[in-house]
Amino acid sequence: MSVRHALLALLSDGPKYGLQLRQEFEATTGDVWPLNIGQVYTTLQRLERDGFVESDGSAGEGPQNVFRITPSGDEELNRWLRAPTDMTTPPRNELVIKILSALRVPGVDVQDVVQAHRRYLVELMQQWTRLKEDEADYDLSLALVVDAELFRLDSLARWLDSASGRLDRASAEPPVKSPAPLFRRRVVVRR
Amino acid sequence: MSFLELRKVSKRYGEGDAEVFAVRDVDLSVEAGELVAVMGPSGSGKSSLLSIAGTLEDPTSGEVFVGGALVSTMSRNEKARLRRRTIGFVFQDFNLLAGLTAAENVSLPLELDGAPAKKARVAAMTALESLDVAERASHYPDQLSGGERQRVAIARAIVGERRLLLADEPSGALDSLNGDAVMRLILSACKRGVSAVVVTHDARLGSWADRVVFIRDGQVVDQTVAPPSPESLLAGPPARR
Chain A
1 MSVRHALLAL LSDGPKYGLQ LRQEFEATTG DVWPLNIGQV YTTLQRLERD GFVESDGSAG
61 EGPQNVFRIT PSGDEELNRW LRAPTDMTTP PRNELVIKIL SALRVPGVDV QDVVQAHRRY
121 LVELMQQWTR LKEDEADYDL SLALVVDAEL FRLDSLARWL DSASGRLDRA SAEPPVKSPA
181 PLFRRRVVVR R
Chain B
1 MSFLELRKVS KRYGEGDAEV FAVRDVDLSV EAGELVAVMG PSGSGKSSLL SIAGTLEDPT
61 SGEVFVGGAL VSTMSRNEKA RLRRRTIGFV FQDFNLLAGL TAAENVSLPL ELDGAPAKKA
121 RVAAMTALES LDVAERASHY PDQLSGGERQ RVAIARAIVG ERRLLLADEP SGALDSLNGD
181 AVMRLILSAC KRGVSAVVVT HDARLGSWAD RVVFIRDGQV VDQTVAPPSP ESLLAGPPAR
241 R
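Chains A and B, in that order, are what the protein sequence lines are. The first sequence begins at 1 in this note's numbering and counts up by one. The second sequence begins at 1 in this note's numbering and counts up by one.
Next comes chain A alone, as it looks inside the complex (with noise of 0.2 Å):
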């Protein structure tokens, strides 16, 4: 998450101070990623050296400064808003590697393990859903990041499904041997 840049983003309709700036970023995120103030004051300080923003500097380190967008900050901003995230190489999944690793232990009935990890995700869901339905429909900014957080659950949730298919799928068919791979895939995954 890039704090450099939701704060570039609060700043764009107006100055702030500090303080401000961390009650609109929390109120924005639905309360759901909470902020330090040191964080908020050391990435202001970064994105002053870079020209990004400017203070007046009247009231020194402390809380009294006002900070404002640069025009470069303006359009440092524009450019992250619409660059790609990157998504081409998949992080880490400790889920699936977990799940990959009961394959290879004796006497563990791998279908229990899915069903644990699977029991568990639904009551993270059941947690966000009373959120959604307790305040999401007068919060739009909590409504959206409850439903990030819900399809990126169901996704897992999904997945495990799937892997479960298969298993059934693999245990009901005798093993084939595939053919010789022409060359080897590595799909490089992020630390």
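Check the hints yourself; a few may be wrong.
Just some of the chain B residues that point at chain A, by a computed CB distance under 10 Å [unchecked claim]:
(1) M1
(2) L112
(3) D113
(4) P116
(5) R184
Estimated spans, in silico, between C-beta atoms of each pair [what the hints assert, rightly or not]:
(6) A172(A) <-> H139(B): 43 to 53 Å
(7) V225(B) <-> G165(A): 18 to 28 Å
(8) R7(B) <-> R82(A): 42 to 52 Å
(9) S145(B) <-> V105(A): 44 to 54 Å
(10) P71(A) <-> D93(B): 55 to 65 Å
(11) R192(B) <-> G165(A): 53 to 63 Å
(12) V225(B) <-> S162(A): 24 to 34 Å
(13) L95(A) <-> R85(B): 38 to 48 Å
(14) S145(B) <-> P174(A): 47 to 57 Å
(15) S12(A) <-> S145(B): 31 to 41 Å
Some residues of chain A that are not near chain B, with every Cβ distance over 12 Å (derived) [unchecked claim]:
(16) Q64
(17) L77
(18) Q126
Bear in mind the hints are in silico, worked out from the structure with no lab data behind them. Since the structure is predicted, the reported quantities are computational estimates derived from the model, not experimental observations. Cβ atoms here follow ideal geometry from the backbone N, Cα and C, with glycine treated the same way.
Got chain A sorted already, so can you dock chain B onto it with the hints?
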């Protein structure tokens, strides 16, 4: 006793080598006002379980109680009356009758049960109003959007004094926002005391339930525990640097 109770319910098809259990030794209780989701893959027995709970099919063994009454001791007519008066069904493809208006679709089960047409119409309008679709009462199903059709189907399922709502993949092919809306409607019926069972393979729908029961090869294999308050999520992860 719970409003819906299944005790050691099994449904077996075929004999000998061809014997297949669609449902095996299932215990399931649903309290008044509770929303339970039954999740499992295709062919896991979810829909069979729903048909048995709704008295549409008899179990091979085990007992089903609806509102405290043992279903197996009822005659066919008594079961049909129970379905007309107490149980509402919502299906994936809505199952609205094309030749009837929205209001007529909703009032039909009451009229079939002998209610006077005027009284049935008033009850239908009340149900449609509670689902915010009363202004479409005189429209035919093909004049309604997918979301509106599903609202009408839910209105038909809760019209009158129905206390048990059984839904099979109730969001059908609706998009995610309309799917949420469907579950919100079912949940609001539960808050008025209706017991509901929703079968689905979709975790996003299932997560609206108070409790999720997982079924596999006809057997209940697991269920969720009551989720803690959502406030625990808002503590959030530590701020990232």
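Which numbered hints are broken by the structure, listed smallest first? Numbers 1, 2, 3, 4, 8, 11 and 18, in rising order.
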